[in-house]
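The residues making up each chain are set out below.
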Amino acid sequence: MLRVDGYSDPPRISDLSFEVNSGELVLLLGGPGSGKSRFMDVLAGLRRECGASVEIGGLSPADTAARRRCSYVFQGDNFDGTRSVAKQLGRALLAYGDSPGSVGAAISEWALRWEIGDIERPGSELDLASLQAASLGLGLLPHTDLVVMDEPARNLDPERTLILLEALRDRGRRAVLALVSPPTPLAEVADRIVFTGGDGDDEV
Amino acid sequence: MRSSGRLWLGESVDLVFDIRRVSLYLIVPPVLAFIVYFEAYLSGVGATRIMSLGQRVMLALWNSTILLSLIAGLQGGAFFSRVFGSAWFRNRLALPAGRLHAFCWFLASYGALVTMFYLLTAFAILVAMPRPSDFGTLPAVLNCYTPILWSVAASALFGLLARPGAASFLFLATVTMGSVTGLPQVAGKLPDWIAFVLRVVFPRLGDSFLGSMGVESYGYVSLAVPLHALVLLVAGAWVFLRLARGRR
Numbered sequence: 001m002l003r004v005d006g007y008s009d010p011p012r013i014s015d016l017s018f019e020v021n022s023g024e025l026v027l028l029l030g031g032p033g034s035g036k037s038r039f040m041d042v043l044a045g046l047r048r049e050c051g052a053s054v055e056i057g058g059l060s061p062a063d064t065a066a067r068r069r070c071s072y073v074f075q076g077d078n079f080d081g082t083r084s085v086a087k088q089l090g091r092a093l094l095a096y097g098d099s100p101g102s103v104g105a106a107i108s109e110w111a112l113r114w115e116i117g118d119i120e121r122p123g124s125e126l127d128l129a130s131l132q133a134a135s136l137g138l139g140l141l142p143h144t145d146l147v148v149m150d151e152p153a154r155n156l157d158p159e160r161t162l163i164l165l166e167a168l169r170d171r172g173r174r175a176v177l178a179l180v181s182p183p184t185p186l187a188e189v190a191d192r193i194v195f196t197g198g199d200g201d202d203e204v
Numbered sequence: 205m206r207s208s209g210r211l212w213l214g215e216s217v218d219l220v221f222d223i224r225r226v227s228l229y230l231i232v233p234p235v236l237a238f239i240v241y242f243e244a245y246l247s248g249v250g251a252t253r254i255m256s257l258g259q260r261v262m263l264a265l266w267n268s269t270i271l272l273s274l275i276a277g278l279q280g281g282a283f284f285s286r287v288f289g290s291a292w293f294r295n296r297l298a299l300p301a302g303r304l305h306a307f308c309w310f311l312a313s314y315g316a317l318v319t320m321f322y323l324l325t326a327f328a329i330l331v332a333m334p335r336p337s338d339f340g341t342l343p344a345v346l347n348c349y350t351p352i353l354w355s356v357a358a359s360a361l362f363g364l365l366a367r368p369g370a371a372s373f374l375f376l377a378t379v380t381m382g383s384v385t386g387l388p389q390v391a392g393k394l395p396d397w398i399a400f401v402l403r404v405v406f407p408r409l410g411d412s413f414l415g416s417m418g419v420e421s422y423g424y425v426s427l428a429v430p431l432h433a434l435v436l437l438v439a440g441a442w443v444f445l446r447l448a449r450g451r452r
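Those protein sequences? They're chains G and A, same order as listed.
Sequential numbering of the first sequence, starting at 1, is according to my numbering.
Sequential numbering of the second sequence, starting at 205, is according to my numbering.
These are computed hints drawn from the structure, not numbers from a lab.
One should not assume that every hint holds.
What the hints assert, rightly or not - Keeping only pairs whose Cα atoms sit at most 20 Å apart, straight-line, the calculated EDC-like set for lysine to aspartate or glutamate is:
| # | chain 1 | residue 1 | chain 2 | residue 2 |
| --- | --- | --- | --- | --- |
| 1 | G | Lys87 | A | Asp338 |
| 2 | G | Lys87 | G | Asp41 |
| 3 | G | Lys87 | G | Glu109 |
| 4 | G | Lys87 | A | Asp218 |
Claimed, not checked - Derived coverage of chain G by chain A (criterion: at least 3 residues anywhere in the stretch with Cβ under 8 Å from a Cβ of chain A; other residues may be distant):
| # | stretch |
| --- | --- |
| 5 | 27-34 |
| 6 | 79-86 |
| 7 | 94-102 |
Model, not experiment: these values are computed from the prediction.
We put the beta carbon where it would ideally sit given N, CA and C, even for glycine.
With the hints as extra help, turn the sequences into a complete structure.
In structure tokens, the structure reads:
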């Protein structure tokens, strides 16, 4: 589903190559400042690949068709803080092709499951854990083949971390790539860990 | 409409038609009424030349254009810079929607806001002021509309290139140069090649104004401002797409 070949971001990442196949959960592990978020931009087609080959389903991440198959959760700033989170989340789901009739129910259910409270409020008025839970909806609610998440467990309290782990276990045929700093609770549900330092893959 | 178009249409309408942004345009009618009254008074007491009815209507339309263009450009530069430079907007470009749609819809929504106020103002002027029977209403309204389109296109480009305050300043500087280089008193004193370069680089707002007032010959000048706006639009779209891929 995702193939990265020869990605470098000197001096932090050098010659990073790995694949994420359908149904697999892969962690890209690196400490703070190890270039994960820049790499996330590359995966979202927001930064050039710098000579590397990065493909989502055989397409460049900058291609709209590739982004239709992939959903993203960034480390922060997933929503405009001044407007309703539910509205912004709904628009994102519509962009992925969800029907307008199903979007409202999906968001309400998500808010209930993650105990977000009033998801209609602007992002700046939600607490960090609720905002992160809503952001995870951007990655996990659309029916995509690949989910890429940057520090998905960040700001989550222990209860919501358990909900995240459960959601990741129930991923079905979806491929998931999580960019995380150690130590991470996601290690217990991961199939494979890739290190940004180029130390090779570790099967879990 | 395709889902990608809907996404950016919704996002742009939310932000552009924010009540705080729209309320600034409410100063246009009273300021315009004051200017029109003041000009009529000056003309009545002989402080300025007596203008024909057509010229008075034209001047009122130009006053509304200048006011709206300045508000649109100054506010637009800061607005586009703030939106296009924000982290949430950049992250939203990862959604499966054509990235050019983001630029185009924000521009279209902002243009619609300013156009709406221009049409309301022009309608009020045409209803309130007497005009001769041979007055070309549609050409006059269209001619005065082109600088507004130019302001929206320029503010979007400057918003992409600079921080909020600097984008507004860039807009103001360009408008000033465009207005000044059109005036014969200034352009006539410059060496020919400098005057030529300035006329190409800056919009010919001064020429357009004088032409429509019947002071200077009109000719192709009326096309210069919309063509300049079109160039700015294309340049803005190119810069936007480059920035969306992280190129500086």
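Verification of the hints:
1. G:Lys87 / A:Asp338: Between G:Lys87 and A:Asp338 the Cα gap is close to 52 Å, so the pair fails against 20 Å, i.e. violated.
2. G:Lys87 / G:Asp41: 24 Å, violated
3. G:Lys87 / G:Glu109: 14 Å, holds
4. G:Lys87 / A:Asp218: 10 Å, holds
5. 27-34: violated (count 0)
6. 79-86: holds (count 4)
7. 94-102: Per the Cβ count (4), the hint holds.
Hints 1, 2, 5 from the earlier list are contradicted by this structure; the remaining hints agree with it.
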